[in-house]
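The opening position of the sequence shown corresponds to residue 3 in my numbering, with each subsequent residue numbered one higher.
Just so you know, these hints were derived from the structure itself, not from any lab.
It is possible that part of the hints are untrue.
To be verified - Computed list of lysine-lysine pairs in DSS-like fashion (alpha-carbon distance at most 27 Å, straight line):
no.: 1; residue 1: Lys17; residue 2: Lys161
no.: 2; residue 1: Lys161; residue 2: Lys184
no.: 3; residue 1: Lys23; residue 2: Lys56
no.: 4; residue 1: Lys95; residue 2: Lys184
no.: 5; residue 1: Lys175; residue 2: Lys23
no.: 6; residue 1: Lys39; residue 2: Lys56
no.: 7; residue 1: Lys56; residue 2: Lys12
no.: 8; residue 1: Lys12; residue 2: Lys63
no.: 9; residue 1: Lys63; residue 2: Lys17
no.: 10; residue 1: Lys184; residue 2: Lys12
The structure displayed is predicted, hence computed values, not measured ones.
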Amino acid sequence: MQTLLNTLDKHLQEKRPDYYKDLRPPLTDQQIGDLEKKYNLQLPSDVRLLYQWKNGQDDYKRFVNNSTFMPLESALESYELLTGMIGYDFEIKNWWNEHWIPLFENGSGDHICVDMAGIFTGDAGQIVDFWHDSPGRNVTAPSLEAFIGSLNKYYETTKPEDFDEFFIIEGIKGYPKRFEVK
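Just need the whole structure built from these sequences, with the hints factored in.
Written out as C-alpha coordinates, the structure is:
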(Lines of atoms letter the chains of each structure in order from A; the text may use other names.)
(Lines give C-alpha, C1' and ligand atoms only; values in the text may rest on other atoms or scores of the structure.)
Protein backbone atom coordinates (compact mmCIF):
# COMPACT_ATOMS: atom_id res chain seq x y z
CA MET A 3 0.00 0.00 0.00
CA GLN A 4 2.81 2.42 0.84
CA THR A 5 4.31 1.99 -2.63
CA LEU A 6 0.93 2.79 -4.20
CA LEU A 7 0.59 5.92 -2.08
CA ASN A 8 4.11 7.02 -3.04
CA THR A 9 3.18 6.55 -6.70
CA LEU A 10 -0.07 8.46 -6.22
CA ASP A 11 1.84 11.27 -4.53
CA LYS A 12 4.14 11.52 -7.55
CA HIS A 13 1.22 11.50 -10.02
CA LEU A 14 -0.65 14.21 -8.14
CA GLN A 15 2.43 16.43 -7.88
CA GLU A 16 3.10 16.07 -11.61
CA LYS A 17 -0.42 16.00 -13.08
CA ARG A 18 -2.47 17.99 -10.57
CA PRO A 19 -0.10 20.39 -8.80
CA ASP A 20 -2.89 22.85 -7.95
CA TYR A 21 -4.84 20.05 -6.29
CA TYR A 22 -1.78 18.62 -4.56
CA LYS A 23 -1.04 21.87 -2.72
CA ASP A 24 -4.50 21.70 -1.10
CA LEU A 25 -3.92 18.26 0.43
CA ARG A 26 -3.58 18.44 4.19
CA PRO A 27 -0.43 17.29 6.02
CA PRO A 28 -0.34 13.68 7.17
CA LEU A 29 -1.50 12.55 10.58
CA THR A 30 0.84 10.89 13.02
CA ASP A 31 0.19 7.46 14.43
CA GLN A 32 -0.63 9.15 17.77
CA GLN A 33 -3.15 11.53 16.16
CA ILE A 34 -4.89 8.62 14.44
CA GLY A 35 -4.88 6.64 17.70
CA ASP A 36 -6.44 9.59 19.54
CA LEU A 37 -9.24 9.77 16.94
CA GLU A 38 -9.79 6.00 17.17
CA LYS A 39 -10.23 6.35 20.93
CA LYS A 40 -12.54 9.34 20.57
CA TYR A 41 -14.81 7.47 18.12
CA ASN A 42 -14.33 4.04 19.77
CA LEU A 43 -13.17 2.14 16.70
CA GLN A 44 -10.04 0.72 15.17
CA LEU A 45 -9.22 1.65 11.60
CA PRO A 46 -7.89 -0.91 9.13
CA SER A 47 -4.13 -0.65 8.51
CA ASP A 48 -4.56 0.55 4.91
CA VAL A 49 -6.83 3.40 6.06
CA ARG A 50 -4.23 4.36 8.67
CA LEU A 51 -1.58 4.43 5.93
CA LEU A 52 -3.82 6.59 3.73
CA TYR A 53 -4.11 9.20 6.50
CA GLN A 54 -0.42 8.94 7.33
CA TRP A 55 0.13 9.93 3.68
CA LYS A 56 -2.29 12.92 3.68
CA ASN A 57 -5.15 13.96 5.95
CA GLY A 58 -7.72 14.74 3.30
CA GLN A 59 -7.99 18.07 1.54
CA ASP A 60 -8.95 21.68 2.20
CA ASP A 61 -10.82 22.57 -1.00
CA TYR A 62 -13.66 21.23 -3.13
CA LYS A 63 -11.70 19.92 -6.11
CA ARG A 64 -12.52 16.30 -6.79
CA PHE A 65 -10.11 13.57 -5.68
CA VAL A 66 -11.82 10.58 -7.29
CA ASN A 67 -15.27 9.51 -8.55
CA ASN A 68 -16.66 13.05 -8.25
CA SER A 69 -15.74 13.07 -4.55
CA THR A 70 -13.36 14.91 -2.26
CA PHE A 71 -10.92 13.27 0.16
CA MET A 72 -12.28 13.74 3.68
CA PRO A 73 -10.01 14.70 6.58
CA LEU A 74 -10.10 11.83 9.07
CA GLU A 75 -11.92 13.68 11.84
CA SER A 76 -14.62 14.78 9.35
CA ALA A 77 -14.89 11.22 8.09
CA LEU A 78 -15.34 9.89 11.63
CA GLU A 79 -17.86 12.60 12.47
CA SER A 80 -19.88 11.52 9.41
CA TYR A 81 -19.46 7.87 10.45
CA GLU A 82 -20.84 8.64 13.92
CA LEU A 83 -23.74 10.70 12.55
CA LEU A 84 -24.75 8.13 9.93
CA THR A 85 -24.37 5.20 12.32
CA GLY A 86 -26.60 7.01 14.82
CA MET A 87 -29.34 7.17 12.18
CA ILE A 88 -29.60 3.35 11.91
CA GLY A 89 -33.05 2.26 13.10
CA TYR A 90 -34.42 5.80 12.91
CA ASP A 91 -33.85 7.57 9.61
CA PHE A 92 -32.29 4.41 8.15
CA GLU A 93 -34.87 1.69 8.71
CA ILE A 94 -33.84 -0.50 5.76
CA LYS A 95 -31.05 -2.98 6.53
CA ASN A 96 -27.72 -1.77 5.11
CA TRP A 97 -29.05 1.57 3.99
CA TRP A 98 -26.09 2.54 6.13
CA ASN A 99 -23.96 0.02 7.99
CA GLU A 100 -22.00 0.57 11.19
CA HIS A 101 -18.96 -1.08 9.55
CA TRP A 102 -18.62 1.54 6.80
CA ILE A 103 -16.10 4.32 7.26
CA PRO A 104 -16.51 7.18 4.76
CA LEU A 105 -13.27 8.30 3.10
CA PHE A 106 -14.56 10.42 0.22
CA GLU A 107 -17.72 12.53 -0.17
CA ASN A 108 -19.44 14.40 -2.96
CA GLY A 109 -20.93 17.16 -0.80
CA SER A 110 -24.50 15.92 -1.33
CA GLY A 111 -24.62 13.26 1.37
CA ASP A 112 -23.03 10.46 -0.67
CA HIS A 113 -19.83 8.70 0.36
CA ILE A 114 -17.25 6.21 -0.80
CA CYS A 115 -16.50 4.02 2.20
CA VAL A 116 -14.18 1.29 3.34
CA ASP A 117 -16.30 -1.63 4.55
CA MET A 118 -14.66 -3.21 7.58
CA ALA A 119 -17.04 -6.20 7.62
CA GLY A 120 -17.57 -7.14 3.97
CA ILE A 121 -21.31 -6.49 3.77
CA PHE A 122 -22.83 -8.00 0.59
CA THR A 123 -19.74 -10.06 -0.40
CA GLY A 124 -18.04 -11.17 2.82
CA ASP A 125 -14.81 -9.39 1.79
CA ALA A 126 -13.77 -7.09 4.63
CA GLY A 127 -11.89 -4.03 3.44
CA GLN A 128 -13.83 -3.62 0.21
CA ILE A 129 -14.85 -0.17 -1.06
CA VAL A 130 -18.60 0.56 -1.04
CA ASP A 131 -20.60 3.46 -2.49
CA PHE A 132 -23.24 4.90 -0.16
CA TRP A 133 -25.94 6.94 -1.88
CA HIS A 134 -28.09 8.79 0.64
CA ASP A 135 -31.24 8.76 -1.55
CA SER A 136 -30.85 5.59 -3.61
CA PRO A 137 -30.96 1.92 -2.63
CA GLY A 138 -28.05 1.09 -4.98
CA ARG A 139 -24.89 -0.01 -3.20
CA ASN A 140 -21.92 -0.65 -5.46
CA VAL A 141 -18.85 -2.45 -4.25
CA THR A 142 -16.37 -0.58 -6.44
CA ALA A 143 -13.14 -2.35 -5.43
CA PRO A 144 -12.10 -5.36 -3.40
CA SER A 145 -9.84 -3.18 -1.21
CA LEU A 146 -8.51 0.31 -0.70
CA GLU A 147 -5.23 -0.93 -2.14
CA ALA A 148 -6.94 -1.99 -5.39
CA PHE A 149 -8.84 1.30 -5.48
CA ILE A 150 -5.64 3.36 -5.15
CA GLY A 151 -3.92 1.07 -7.67
CA SER A 152 -6.71 1.72 -10.17
CA LEU A 153 -6.41 5.44 -9.51
CA ASN A 154 -2.69 5.22 -10.28
CA LYS A 155 -3.46 3.41 -13.56
CA TYR A 156 -5.79 6.25 -14.49
CA TYR A 157 -3.01 8.78 -13.99
CA GLU A 158 -0.50 6.61 -15.85
CA THR A 159 -2.77 6.33 -18.89
CA THR A 160 -4.29 9.83 -18.98
CA LYS A 161 -2.45 12.75 -20.51
CA PRO A 162 -2.55 15.93 -18.41
CA GLU A 163 -4.50 17.76 -21.11
CA ASP A 164 -7.14 14.99 -21.12
CA PHE A 165 -7.62 15.00 -17.37
CA ASP A 166 -11.11 15.78 -16.07
CA GLU A 167 -11.57 16.00 -12.30
CA PHE A 168 -14.96 14.26 -12.56
CA PHE A 169 -13.45 10.97 -13.72
CA ILE A 170 -14.67 7.59 -12.46
CA ILE A 171 -12.26 4.81 -11.52
CA GLU A 172 -12.97 1.74 -13.59
CA GLY A 173 -11.09 -1.26 -14.84
CA ILE A 174 -10.90 -3.43 -11.73
CA LYS A 175 -11.80 -6.87 -13.03
CA GLY A 176 -15.18 -8.00 -11.71
CA TYR A 177 -16.07 -4.57 -10.31
CA PRO A 178 -18.25 -2.79 -9.63
CA LYS A 179 -20.50 -5.37 -8.03
CA ARG A 180 -24.00 -3.98 -7.79
CA PHE A 181 -26.40 -4.54 -4.89
CA GLU A 182 -29.68 -3.00 -3.87
CA VAL A 183 -31.04 -2.67 -0.34
CA LYS A 184 -34.77 -3.05 0.30
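How the hints compare with the structure:
Using a Cα cut-off of 27 Å, the hinted pair Lys17 and Lys161 holds, with the two alpha carbons roughly 8 Å apart. For a cut-off of 27 Å, the pair hint linking Lys161 to Lys184 is broken: about 42 Å separates their Cα positions. Restraint check for Lys23 and Lys56: the C-alpha separation of about 11 Å stays at or below 27 Å, so the hint holds. Annotation: proposed proximity of Lys95 to Lys184 holds, straight-line Cα distance about 7 Å (limit 27 Å).
Distance restraint check for Lys175 and Lys23: the Cα-Cα separation of roughly 32 Å exceeds the 27 Å cut-off, and the hinted pair is therefore not satisfied. Note on Lys39 and Lys56: the hinted pairing holds, with a Cα-Cα distance of about 20 Å set against a maximum of 27 Å. Among the hinted pairs, Lys56 with Lys12 is consistent with the structure: their alpha-carbon atoms are about 13 Å apart, no more than 27 Å. Using a Cα cut-off of 27 Å, the hinted pair Lys12 and Lys63 holds, with the two alpha carbons roughly 18 Å apart.
For the hint linking Lys63 to Lys17, the alpha-carbon distance of about 14 Å falls within 27 Å, and the restraint holds. A hinted pair counts as satisfied when its Cα atoms are at most 27 Å apart, and Lys184 with Lys12 does not qualify at roughly 42 Å.
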